[in-house]
Amino acid sequence: MSDQQGLSDIKGVSKEDRKMIEDIETMMGPEPSEMGFVKNMFWGRFQSDAVFPYPHEGREEREKTDALLEELEDYLENEHPSIQIDKEQVIPQWCIDRLFEMGVMGMIIPEEYGGLGLGVTSYNRVLELIGYHCSSTAVMVSAHQSIGCKALVIFGNEEQKEKYLPMVAQEELSAFCLSEPNVGSDAANQETTCVESDDGKHFILNGEKKWSTSGAWSALFTVMSKNMVPSGGEGGGLEQQGVNALICTPDMEGVEIFEHNRSKTGIRGTQQARLRFDDVRVPKENLLHERGRGLNVALSCLNYGRCTLSAGVTGAAKHAMNQSTKWAQTRHQFDRPLSDFELVQQKIARMSAYTYAMDAMLYMMTGMLDRGDEDIMVETAICKVFCSRYGWEVIDDAMQIMGGEGYMTEHELERIWRDNRIHRIVEGSNDVMQSFVFAYGGKQLAEQMISVQEALLWDFDESPKDNFSRILRAGTNPEVLKRAIPLGLQLFLGIKPARPNVEGLHPSLDAYAKRLSKLVQQHSHYFKLTSKWEREEIVRRQAQQARVADNAIMLFALACSLSKYDDQLRRGERGPAFERDRAALDYLFSLFGRARAATSRPSSSSSSPARASRKSRSAATGRRPGWRRPSARPRAHRRSEPATR
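If you're matching positions, the sequence shown starts at 34 in this note's numbering and goes up one per residue.
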């Protein structure tokens, strides 16, 4: 076992699933040099220095951002037409111009190109404030900077930056073009193509894009397309070699914006355009990053987009909580305020706990991005899932507290409710993100488990001689045994590794640290058990993936919340707000602090459907039942336990 096998090497996986795995592995690229915080938790490790102490902006940048927030808040409260934007389904040009004047539209662009050069934390603080007042505007600002021109900021060369960044920092919008009529979550299978021209100076771009936010208003597009090259075969055809990221502008011949917008349930002020590219000649110098590495560009941008989406939802959730709490205090029924009723109190407590965790996770995530952590793709996906899921629950609880009045259009809550449902769908749907957290978070551990399995267990597809020879070689290899023995002790004898140390917390939080340590140990154990029980079938068992992913999501939420509260303690915060936050932390640990296995152990009864199926297969083939990589089947009969609650 000199090399660990990739997930695409698993035997018994269907052709379709194998292609899916290969596409995803190509899209993700090589593993980062250092394993991130959540990946370490899949291994049962707690990387304390990744989350303690809680990150903050530098003093100079914080003061600069505070000044911007003060000016922006005055504008949003007194000038910005949020209600008009929702009714007329457009953000007026004067609003966009005003945001450019304040520097809001160039926050992430370096100062030398006309922007403010703010860090990720400062940028998200501004997005949270905008999301508090107007989700349509928050989405427009985020689409422009997190994905529209972010690729140019990260991957552009000096010539590209000098040509385009001053324009998008000070006066013009930008858009991101990834989704297509037949391509959504499956980003690797783009249908838009680009082929090098005969003179070698251009890419010829053909295809169609949809859901391009602000596409009809933008002066710059970042377009993803299949990189087509000569196949070298006798037919002289073309084959795909990755995806290219190209800078395009609407004045290029062959660019057509054939649909400016579609009417939507929420975020009505945003405009989602459909664009067509018909033999567009894009100069080769407009290639971003490297040829064939466009998906790396897209995924890097989505890391930032998932944070700003979370910031907007966090702002909206806080607004909904504040509005409904005031309503509960002033609305009287049965001669007392609604806030005196226990179920209303329960909702308010839940909203407070969720928004505390959302805030803690969001700014932990932005802090990781600001300090340049390399392996953060799982964490940004978790942040997006958590904030969009629990932000929606906060808003929905607020609607319930306000009752029929909350449903009326004269209250802002109705608009907030409509605007924020979309966030569980965009920037990677939550269902897809759960599978991503499971697969990419546990990928390296799963590959090690597969390698041990391939090395030491009997394979019915091999001859007895080959099996004995392989197992003997592996069984005398110290490197194999180093990996195999701990797995065997844990999965077959139930002897778990020691709990990880959670270090660096205030002494008064020791009880929380111990609980978190135990949960990390359980999470890693359950991932290994699920992988053992399901074997190759785990590739398509999305419900099981989601349950284990939810454990990881809740663990990250608890770690971030604990880190934030530790920071508050060390900074000497006291008073009613501090006590409320302590209650929120207690509530979160009682709510999420119970990891569960994704499946329970298979029944040993010979009458179970799966066991009977395996017996019948053995009778038909003359083989004894046992481990066999290609033959595992879904175990639908298993009694499932609830995921983390």
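Derived from the structure by calculation, the hints contain no laboratory data. Wrong hints could be hidden among the right ones.
[As the list claims (entries may be wrong)] What follows is a list of derived Cβ distance ranges for each label pair: (1) ILE116 <-> GLN477: 36 to 42 Å; (2) GLU112 <-> PRO370: 45 to 51 Å; (3) PRO370 <-> ALA100: 37 to 43 Å; (4) ASP543 <-> GLU112: 20 to 26 Å; (5) LYS498 <-> ARG404: 53 to 59 Å; (6) ARG314 <-> GLU112: 42 to 48 Å; (7) ALA531 <-> ARG607: 23 to 29 Å; (8) LEU524 <-> ASN294: 49 to 55 Å; (9) LEU376 <-> GLU195: 29 to 35 Å; (10) GLU606 <-> ARG548: 44 to 50 Å; (11) GLY287 <-> ARG506: 44 to 50 Å; (12) GLN362 <-> ASN294: 27 to 33 Å; (13) GLY270 <-> GLU570: 32 to 38 Å; (14) GLN273 <-> ASP543: 27 to 33 Å.
[As the list claims (entries may be wrong)] Derived DSS-like pairs (lysine-lysine); straight-line CA-CA distance at most 25 Å: (15) LYS194 <-> LYS359; (16) LYS498 <-> LYS547; (17) LYS529 <-> LYS515.
The beta-carbon is built from N, C-alpha and C at its ideal position, and this holds for glycine as well.
**Whether the CB-CB distance between ARG314 and GLU112 falls inside 42 to 48 Å** = holds, 43 Å
**Prompt:** Falls inside 53 to 59 Å, the C-beta gap from LYS498 to ARG404?
**Reply:** Holds, at about 55 Å.
**Message:** Can you tell me whether the CB distance of PRO370 to ALA100 sits inside 37 to 43 Å?
**Reply:** Cβ of PRO370 to Cβ of ALA100: about 39 Å, so the range 37 to 43 Å holds.
**Request:** Given the hint of 45 to 51 Å, check if GLU112 and PRO370 actually sit that far apart at their C-beta atoms.
**Result:** At 34 Å between Cβs, range violated.
**Message:** Against the range 36 to 42 Å, how does the distance between the Cβ atoms of ILE116 and GLN477 compare: consistent or not?
**Reply:** violated, 50 Å
**Request:** Could you see if the CB distance from GLN273 to ASP543 stays within 27 to 33 Å?
**Result:** Check failed, 55 Å falls outside 27 to 33 Å.
**Prompt:** Honestly, do ASP543 and GLU112 meet the 20 to 26 Å range at C-beta?
**Reply:** Violated, at about 50 Å.
**Asked** Can the suggested window of 27 to 33 Å be confirmed for the beta-carbon pair GLN362 and ASN294?
**Response** violated, 40 Å
**Asked** Between LYS529 and LYS515, does the CA-CA distance stay at or below 25 Å?
**Response** holds, 15 Å
**Request:** Look at the Cβ atoms of LEU524 and ASN294 and judge whether their distance stays inside 49 to 55 Å.
**Result:** With Cβ atoms ~54 Å apart, the hint holds.
**Message:** Hint check: LYS194 vs LYS359, CA-CA at most 25 Å. Holds or violated?
**Reply:** With Cα atoms ~48 Å apart, LYS194 and LYS359 exceed 25 Å; violated.
**Asked** Is 23 to 29 Å a correct range for the gap between the Cβ atoms of ALA531 and ARG607?
**Response** violated, 36 Å
Violated hints, listed in ascending order, are 1, 2, 4, 7, 9, 10, 11, 12, 14, 15, 16; each of the other numbered hints is respected by the structure.
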